[in-house]
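Participant: If you want the building blocks of each chain, they are given just below.
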Amino acid sequence: MDRNQIKKWLESPGKMGHKYSLWAVYFCTGCGIIEIPPVITSRWDAERFGVLPAPSPRQANLFLITGYVSVKTLKAIIKTYEQMPEPKYTVGFGSCPINGGMYWDSYNTIKHLDKYIPIDGWIAGCMPRPEAIFIAVTHLWTLIDKGMAKGYVKYRENYGRYRENQEKALGKLEWPRLFPIKDENE
Amino acid sequence: MNKEFKQELESIFRDITVNITDDVTPVIAAAKPQILAILRFLKDKGYGHLAMISCVDWLKEAQFELVYLVSAYLKGDNEEPGQEKITILLKTRIDRDNAELPTAIPVFENAEPYEREIHELFGIHFTGHPRLLPLFLEREYKIPPFRKDFDSREYVKEVFDKIPFVEDKE
Amino acid sequence: MRELELYFGPQHMGMVGNFSITLKVEGDRILQAISNPGYLHRGFEKLMEYRTWIQNFPIVCRMNVVEPDSMEMIYAMGVEKLAGLEVPERAHYLRSVYLELARVGSHLFGLWAYSNMLGFDTVAQWAMYHRDLVLDLFEELTGGRVYHIYIWPGGVRRDFPKGFKDKIVSALHSIGGCVPDYNNTFFENRLFYDRAKGIGKISQKEAMELGAAGQVLRATGMKYDIRKIQPYAAYDKVDWEVPIREEGDAYSRILVIRDEMIESVHMIFKLLDVMPEGPVYHRIPNPFKWTIPRGDAYVRIESSRGELGLYLVSDGGDKPYRAHFRTPSYPHGLIILERLLKGASVADVGNIMISLYVVAPEIDR
Amino acid sequence: MVTVMKILEIIVSPLVALIVGIFFLGLFRKMMARIQWRYGPPLIQPVIDLVRLFNQRGFSHGAVFDLGIILSLAGALVLVLFIPIGGMCPLANSGGLLVILYVMLFAPIGIALSGGEGANPNISIGISRKLILTLSYEVPFIFIILSLMSYYQTISIVEIVKAQAHYHWSLFSPLFLSGVAYFMILPAMLGIRPFDMASAPQEISSGIDVEYGGKYLAFSQIEHALSLFIVIALFVNLFLGGGNLPVFLLKMLAVFVCGVFIHASFPRFRIEQATKYLWFWPTIISFISLIVIQLIR
Amino acid sequence: MKKGNIFSPFKAIRHLFRKPKTLKYPFEPKEPARRYRGFHLNDWDACTGCGNCADICPNGAIIMVEIPEIKPEPGKKNQRPKLDYGRCCFCGLCVDICPPGALSLTGDYFHIHFDTKTFSFIPGDEKSDPEHFVDPQNYSLLKASLSHRKKNFPGFSPDIEYALFEPERVPMPQVEPEERSLSFIEQVLGYSEKEARAEAARCLECKLCEEACPAHLKISDYIKAIYLGEPEESLRKIYEDNPIPAICGRICMKHCEAACSLSVRGEALSIRWLKRFVADTVRDYQKALQQKPAPSTGKKLAIIGAGPGGLSMAYFSALKGHHVTVFDSLPGGGGMLRVGPPLYRLPIEAIDKDVNYIKSLGVEFRFNATVGKNISFGDILKQYDAVYLGIGMTMSRSTKVRNSEKCILALNFLERNKIREKVNVGKKVVVIGGGNVAMDVARESIRLQHIQHPGEEVVTSAVSLEDWDIMPANKEEIEEAKEEGIRFNPAWGPKDVLLDDKGNIRGLLCMKVKRVFDDAGRFSPTFYEDQEMILEADTIIEAIGQASDFSFIPKEMFDQLKFTPRRKIQVDEYGMTSLPGVFAGGDIVNTNLDAVTAIADAKIATEGVDHYLSAIPIS
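Chains as they are written, first to last, in our numbering: chain P, 1 to 186; chain R, 1 to 170; chain U, 1 to 365; chain S, 1 to 297; chain F, 1 to 619.
There's no promise every hint is true.
[To be verified] Computed cross-link-like contacts, DSSO-like style, restricted to lysine-lysine with a CA-CA straight-line distance of at most 30 Å:
{"#": "1", "chain 1": "U", "residue 1": "Lys162", "chain 2": "F", "residue 2": "Lys207"}
{"#": "2", "chain 1": "U", "residue 1": "Lys289", "chain 2": "F", "residue 2": "Lys400"}
{"#": "3", "chain 1": "F", "residue 1": "Lys300", "chain 2": "F", "residue 2": "Lys400"}
[What the hints assert, rightly or not] If you want the footprint, here are the derived chain U segments under chain P, 3+ residues with CB under 8 Å:
{"#": "4", "stretch": "6-13"}
{"#": "5", "stretch": "145-151"}
{"#": "6", "stretch": "203-210"}
{"#": "7", "stretch": "240-246"}
[Claimed, not checked] Computed footprint of chain U on chain S, listed as stretches where at least three residues anywhere in the stretch have a Cβ under 8 Å from a Cβ of chain U:
{"#": "8", "stretch": "35-46"}
{"#": "9", "stretch": "188-199"}
It should be emphasised that the hints constitute simulated quantities derived from the structure, not laboratory data. From the three backbone atoms N, C-alpha and C, an ideal C-beta is built for every residue, glycine too.
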């Protein structure tokens, strides 16, 4: 660790802590999850960078949305995302959450995940290789450093519209609103 | 699947056609009321493995075709060798409107999820089924999605593509 | 004690795949378990009706992420049967080798999931490491790590690259060299025996009644393996054994998986020895004009989890009229799991589920 | 001067416990990683995690939820004060083993209190498992403590350590069987495999920790680090003869490494299997030991 | 397996002291496999813009976008595929279908971004997109993305062996050269139905051919109809744009096949033979086509020349309801095609089949009527509301070297052989010229020699100014001519026709050609005066080009007729010449000089005539 690092640690321990201690929600949303076990196990060992699977969303700060999102999963994703404490970062995996991927004409998968929850970064690939996940982590570090990974803030500020989109896709949601909805006209 | 078996089947059940085009997948076409009896007969004959129940929507003919695929497990004493190679396709056609069929659970217990799935995706009602609850789907669909008149691409355009992106206000 | 409703999954560390089980528990006992699939439902078979015969080839493998290869194989077999396509001799051998590699990879994944679920991450990590070695082989052969898109109607997509045989052999040797480690640490671990013995016990009669196949059935003592019963690819060209066990519990299921893995490795060596030279691909008709005569076909193969079937219907057009997959996890996950969980301990949910090798995406499709 | 030293000790000894405990957490992950053929996180990873957790918003389920975690943390901190750390023991003369026996129940009770507010079925299962486990190892533990007390005729740990310094370690005395029994219940007290069912992530999503996030989880982690320290320190003090600080820490490290080995080599027990195990071998051995000691005396 | 014990698991601990097996990624690099299916790479020079990749993509990930910088040319559209990595599944079907093999996948697969818009891009290669490809030493994993890619990083690349299309065409059954050079039987036998369907199945429907075809035939549609086993439907599709399929199916210059995307790495689809198959298979055009002309407009149109242009004009105008009269000096339809192409390529029956169908639509044909001789051009102008000139090039040019009047002109030679008595040729024939007409002449000549001098040694040699590489004749024609025994003398120019004492031809004196075209690309041959050669000959045929015969047009009108710098009649966008009501098309207007271009001209002129006629009152 050089001087620069130490200076950064002293200046903003929060940012640095989040950078080097990314705990991912363990949620197999789609087929991209198949590359997560190799990443967190011996061949690639993401724990070198402090990336760990967290058993509960309450403890996590990283949400890897791994692959296609069916309507039923979307509900679980939103629930899980709202359970995560702030700050939290989301990464969309592979083609499917970006623009529908190969399920672009499926009646039961959603096509653009960022319509429903904010996404801080996307990884190309079907599915992304472990290497790409590592590079994505380094990119996420940069975004955290620069303060650009602000998806959770965006979610809080535009909660009304997100909630509206969620209800369009899922029907009435049975759980209460996470934030009070601000008047859009303000 | 040999000739004798075919004759035996045809003698017991009337109005069925047994079609042996290929050694391993003989096709039996029967009418709706006979299905359960034939299934039971096949099970007694050793075809005790219901591989699956499939459904084909023949839109032009306004019919659903239910296909029961039954094959045989290995037997300990191996009395009729070669039976386990055979998968029998038992087909029946039912009308598309008010599609209804008796459940096959009394004969094959594992028919339950297959019938549940067909009920959900094709809208066929199985009388006597203990739980015809939704299996896969979360949303409500006006037409069950696996019917041929349900256009998935159109549906995506109607529902998902119309949801707007959330942009920052600046 | 009061009755609780416990949601096992989908967001759960013990859950492999996006699947959920609703448990009604009293203390540590499960009163009722309800499988709750559908988190991965994409309407796959509906999507296939929109795509031409060749366009379906890259997407069918997506149905099951753990072992996509058997999906490719069954689709290719279905199309070949409907269209009457010929497959070159060498392609049969390549397919067998490829499928057996996939079986090894898949079983290693299963071993990872099982030992991880028992909280035994040491073995879990080893197994995952070894699976990665298999994936490296796949990458070398097909250009994809997970989705290989290799078997297509009419043969396989590319021949072995140079020196690939040696790479297979060396990779499998390095996995095989660790079998004693696995034995010592996992399979001969008394705690594994304690945890798995007698858990999720199913009798042969019940298994047959519920439509079981694969290692669930083989663990009850029936040598039911479609590779033997109805040989496809090159499985009838070499000698091999179907490993079985008698008890029908999680312990024997896991050991059947282990024995099968070893048998597969031996089979690959045998296949590599007798593999003929020659072409590997008979060109399929022009993909934009390819129509298949009206008809239907049912084909089945032995995937790493049991009987995988495909009922394929063509109405004479350029697209499948209907495709319906009989996936092995379907009866295992939706009926047998519910039956076995009833009365079990909460601690054994994952134990039973993973020993049945329930893979969620192929249930939901 | 003595008072100043005492106050200093009161400040320093929890610090030492904390540092050692967190170091052990890091070492634990590092060693596990090496056994699993990988490099593992840097040694200070637990510190980074703690920094992160303190900077993350936790979610509270009410006052009791907060109170419970503080109670268990306070219990652990208090407990540290009763344990001699290389000759440094702030509360050496007050209570000794009996207090420890008593205060050690604080942590599970605190967590049970807090978790009861969490309203998550996983927590209730986790708590019941934790309590059952505590009950299970408490039986042999009490036998062991009784053997110790009757052998050394004292309830003060400092006295026991001193006595060992004069003769030989308790482990190589007639207390040998008690030592073995203690070693056998050590994983259960540490909450490591095969006895980590109370927080089994794959079964009940980390059980008691499932609703903790942010600083709550950080407190929980610190509590975990402290209890790791306490249990091992107790073992070192009672059976391995304590010693001055470096020796003491080395002995702790040795015990800890044995614990990691056990953790790395076994899967998890079911809770009834754990109870069965704990009430069988360790209980019998510690009971025999107790009888042996009574006979000797 | 044993029940196990609790001590054996501790053996795992020895791994504590071993070196971990983890790859220290990203500090230790790991290259993807050689066949890795990563991001796309498109060789823009090779890409034809055919769009097959977009058609085969199961996910709709590829769309074709127009690139304004690229000039479209025959066989190349100015479209390039645009990839959407929010859709792509990296299956590589696009690579396997790509006919030119331009598309491939690379080992690059990193693209991590917070903006989804960056996930779609137009793939290029190192040449067309240099700023996004960096050298391996400047390549950084941490910056790797779609705009930071490694140079020379091959992945899954196309392999013709495993391509999804069939690169080889179904061989056309032909009469063997030894046999065909002995008679005038038709050389090409035509596809059987099975062969035709197999060949039609190769078509990828990219429609590059349709753009290359001057008449823009709906090629992929009619080929699909053949594939589906519906030759009638196919014929209907052809007749939308081309009323002479039996002729075109034999002698078309097949611009389409040159443009065919399959031709880049394999053999082009034999579009011409498929058209011929349709024309030959359908026996009764009237029954198959069921065409009815529009109600009569009462307007009258005269067409001079019954060549392909005139026939097409007659067909299209007749369908519009005009009354059409066609004048031709020959005894039948077809114009130059009736006399030019030898019998072994275009039999008279095929021409008559097409002409008869057009006749059946109510078109009046006046054969053996030479305008200017039997009927004057002025009369035609008076009697008809509009006139279409489709006279083509009917006069052979001569080399004008000394004694060249002793030589036979190509068109005379061909015409006599085809519709009159055959020409007597000597045993040694020299053909001057390197174009297609020269090939026809030479090949006819060798047939005549075999017929007239059976069993004797005969020689036909061809002399052309152009060397092999620039010889204007089709490669196929040259090959076939070689097979039949023609001897070629490329890059020799005629200097003198040598006569013997009796005034008969003795031989041809030739000079070596230095170059044929000057720097500006104009035709101006220069010779090495010192290199000479004598080709012995008793017959010399000149086939160096043709010219039009405008002598039937009265002088004062001819003066009003405007010409382009290349001595072609100047027409407006409706095909009308500078004389009002006089339209023109075909070889006298365009420089392609082939039948299908004449059809294209006729299509344009039909619109023009229709427009023009609707403006004038009924006379």
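Participant: Each of the hints needs a verdict: does it hold here or not?
Facilitator: These are the hints, each one checked on the structure:
1. As the CA atoms of lysine 162 of chain U and lysine 207 of chain F are separated by approximately 39 Å, the hinted pair breaks the 30 Å bound.
2. Distance hint between lysine 289 of chain U and lysine 400 of chain F is unfulfilled; the C-alpha atoms sit about 56 Å from each other, more than 30 Å.
3. Proposed proximity of lysine 300 of chain F and lysine 400 of chain F is contradicted: the alpha carbons are some 43 Å apart, above 30 Å.
4. With 4 residues having a beta carbon nearer than 8 Å to a beta carbon of chain P, the stretch 6-13 of chain U meets the requirement of three or more and the stated coverage holds.
5. Only residues whose beta carbon comes within less than 8 Å of a beta carbon in chain P count, and the stretch 145-151 of chain U has 3; three or more means the coverage holds.
6. Only when three residues or more bring their CB closer than 8 Å to a CB of chain P does the claim for the stretch 203-210 of chain U stand; here the count is 0, and the claim is violated.
7. Residues of the stretch 240-246 of chain U lying with their CB closer than 8 Å to a CB of chain P number 0, which falls below the three-residue condition for coverage.
8. Chain U is given as covering the stretch 35-46 of chain S, and this holds because 4 residues of the stretch bring a CB closer than 8 Å to a CB of that chain, at least three being needed.
9. With a threshold of 8 Å between beta carbons, the proposed coverage of the stretch 188-199 of chain S by chain U holds, since 4 of its residues qualify and at least three are required.
Of the hints listed earlier, those the structure fails to meet are numbers 1, 2, 3, 6 and 7, in rising order.
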